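Peer 1: Model the placement of chain S on the given structure of chain Y, informed by the hints.
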Amino acid sequence: MKQPKYLFNAGRMSRKDNTLKFTPVDEAGVEEQPRYLPIEQVGDLYVFGSLDANSALYNFLGQEGIAVHFFNYYEHYTGSFMPREYLLAGKMQVDQTKHYMTAKKRIEIARRFVEGAANNILRVLKYYNNRDKVKDLTEAIVSIERLLVSVPTTTDVPMLMGIEGNIRQTYYGCFDAIVGQTFCMDGRSKRPPQNELNALISFGNMLCYTACLSTIYHTQLNPTISFLHEPGARRYSLALDLSEVFKPILVDRLIFRMINKRQLQPSDFRSEVGGCVLKDAARKRFVQGFDEQLKETIKHRALGRSVSYRHLMKLECYKLQKHLLGVEEYRPFKAWW
Amino acid sequence: MYVILVYDMGQKRVGKMLKLCRRYMNWIQNSVFEGELTEVQLRELLHEAKRIMNEEEDSLILFKNRDLKWLDKQIVGVERQSTDNFL
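Protein chains in written order, with UniProt numbering: chain Y, 1 to 337; chain S, 1 to 87.
Hints were generated in silico from the structure; no laboratory data involved.
This one's a predicted model, so the numbers in the text were calculated from it and none came from an experiment.
Please note that a few of the clues may not be correct.
What the hints assert, rightly or not - Derived, one-sided and incomplete: chain Y residues facing chain S with beta-carbon distance under 10 Å: (1) Pro4; (2) Gly43; (3) Thr102; (4) Glu108.
What the hints assert, rightly or not - Per the computed footprint, the stretches of chain Y lying under chain S, defined by three or more beta-carbons under 8 Å from a beta-carbon of chain S, are: (5) 12-19; (6) 22-35; (7) 282-294.
Idealized CB from N, CA, C, for every residue including glycine.
Isolated chain Y (complex conformation) (with noise of 0.2 Å):
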């Protein structure tokens, strides 16, 4: 089973016979008992140190077909080294274009994405609804079931976005509800984050969506082709496209969890100018989290078999290909538990 590899040393990394050889370096500039990692398990390298690697581990890498996601000081995604596309499919690149071309057949597929993402955002509320220490939901499911509703009536892409934007107001509404005691949400911000909760959200989106890239480098998709976004210059917008689906089943609870069990405290923040950023330590656990909600196993209902998150999403590309090729039609991811 391949493995992502999340690097948060400073350190050197290189190509040692055929193989990768990671060489921590501490703070004075002293090299540490260097650590070989196996080719052969390597899934993703995620860089949140600082690293030191030359082109002849680039084109080793390439040659693995290993991608490496970089994030900066400030823990944005900055962006990846994707090795060249291994899974050609010339047809699929016509179709998912045409898709996106016709106006009747991009909305479907967008609507879908917003069902999903809204079905699997009423299942995290729902899912709280019921706990004690949470005040009362039901208004906000109430208006994001409504929302719901209006979805199949929308006719262009901006529409359903808006829809999709008041869905998710509301959500993030429910946010303090649910960890209110001891993180404040106080509306979204972004670029940067001006609160803990607000960078949590945004770490994890990242993390999300990088996750997302990978699986669909994986299959026969453009990941530059999107549906519900915009494809623009310079991104990968269909990876944003499928993070939708999966954010508030994997990020969201994974917060929640964090929060609620006291293993993320105000503690593990510090306030950059203009912003709020986790501490090292705290990023740490964060990741190493995600990582293992990304190994949860849940039982397929239709596969029948256990399969983790990380497969789920990959089943979502192949239902996404199923239906751009006009084998099945796409029908987003719904958490049932």
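Peer 2: Just chain S now, with coordinates in the frame of chain Y:
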């Protein structure tokens, strides 16, 4: 499948074996590796290992386990190297 691999090689071949194993599994101690492998990966590894080994003299032992969760790992003394995904 979760595998623990131990080997004992003649001095000339031990370095080659080390390098081969590093590509597939996590090093935990001298001549000891562990890691999650697929059937195919294990076969690849053994195929290459046999080419390095002198089967008259050297030995390679595998402990195989269906899943890591059935394995209880206890470390006494120093952990020479951890095997997690966070470094």
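Peer 1: A separate judgement is required for each hint: does it hold in the structure or not?
Peer 2: Now the hints, each set against the structure:
With 10 Å as the threshold, the beta carbon of Pro4(Y) comes within range of chain S, its nearest partner Cβ sitting at about 6 Å, so the hint holds. Proximity of Gly43(Y) to chain S holds as hinted, the smallest CB-CB distance being about 9 Å (cut-off 10 Å). For Thr102(Y), the interface hint is violated, the least distance from its beta-carbon to any beta-carbon of chain S being 41 Å, above 10 Å. Taken as an interface hint, Glu108(Y) does not check out: its beta carbon lies about 38 Å from the nearest beta carbon of chain S, beyond 10 Å.
Note: the stretch 12-19 of chain Y has 3 residues with beta-carbon separation from chain S under 8 Å; the three-residue rule is met and the coverage holds. A stretch counts as covered by a chain when three or more of its residues have a beta carbon under 8 Å from one of that chain; for the stretch 22-35 of chain Y and chain S the count is 4, and the coverage holds. Restraint check on the stretch 282-294 of chain Y versus chain S: 4 residues with Cβ-Cβ distances below 8 Å, three needed, restraint holds.
Checked against the numbered hints given earlier, the structure breaks hints 3 and 4 and satisfies all the rest.
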